[in-house]
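Engineer: Sequence:
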Amino acid sequence: MTKPRPCGCKGCRTCLICETHYGAENLKLKLKLDKEKGYVYCPFCNKAWKGWDMNSYKEHPNHTGDPIMYPGVYIQLNFISEEEERILMINIDEVPWSISQSGRMKQNYGPKANFKKRKVVIGNFDGFPGFSKFLQDRFNSIDLLRGYQVIEQCSLEYDPRKGASIDPHIDDCWIWGERIATVNCLSDSVLTLTPFKGEKSKYNLYCAEEYPPVVNDEGKLITSDNKPEKSALTAWKPDSDLDVIIRIPMPRRSLLVIYGEPRYHWEHFVLREDIASRRVCIAYREFTPPYMPGGDYENIGNEIRIKAKNFWDHYQRYYNGHVEIQN
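Residue numbers for the sequence shown follow full-length UniProt numbering, beginning at 1 and rising by one.
Hints listed in this document are in silico derivations from the structure and should not be mistaken for laboratory results.
Given the structure is predicted, the values throughout are model-derived calculations rather than measurements.
Straight-line C-alpha distance at most 20 Å; calculated DMTMM-like pairs for lysine to aspartate or glutamate: (1) K230 x E210; (2) K112 x D296; (3) K117 x E152.
So the derived label-pair ranges between C-beta atoms look like this: (4) E36 x V121: 43 to 51 Å; (5) R138 x K10: 31 to 39 Å; (6) S240 x Y319: 48 to 56 Å; (7) K10 x K202: 17 to 25 Å; (8) Y318 x K112: 19 to 27 Å.
Positions of the beta carbon are idealized from the N, C-alpha and C atoms, including for glycine.
Sequences are here, hints too, so could you generate the full structure?
Structural biologist: Structure representation (structure tokens):
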């Protein structure tokens, strides 16, 4: 049962399909979350307030209780319009989906990375579908994303009929940079975060001791003139150990960026219970400093970044080439 299954799950990853039909129920991750420890992040006041329901942020400014500060989160509501979302989803669904794990489907554009061996090659990567260019262009209007060059773009579909979710994790710190951006489409959802207390070897966290942070605590790009002496992992170490669960709302058509402390010191995940209807998110990654100009691996980094500036016509690639599109 730990081998890959027809639904796409393997190992301890499961979905409703393999739990029901392939005997994987005993492999299902059983998270023990004390909802009494929940705090919901409010995108209006940038504080986290006691609670669990993601919609509680809509009570702003009439929150109750004492909030906690939770840096490293940026949410822009209505990042795209209803019409932009409609057209974007038509185009996304014209591209073939591939099965992923935990009930998800994916469309991945980026270099081929081996996280265990810490090796990256261009592979078949030659840029991104042209219909998504406006999203990357819009990043330029956000101070936090200044200098952000996308080197991986991944569309992920979450279907409640499959029990879609994503297990607790920290995005790899060897190659994926500090700012993790996600555009959320079709339905509201929640990103749940818990403090990570594991070893630095997991997620290649120790790599973040080898390069500096990219942005400061105000969310502004750090230049060569004001680079801190601390590593990214050390600079963003929490001042205190919080025994809480942070719930970050991801409203439909919003942009979420996590960086700093939640990027390096908290695991994030999407619970099955927080997928009420079909959700598609477009996730973005940038390089770590060693793969940028002046870094130890700038040569391969430059080759990939050149490829990442290319945008191609998905109709030419799929419709006229290999895939018949159904209207």
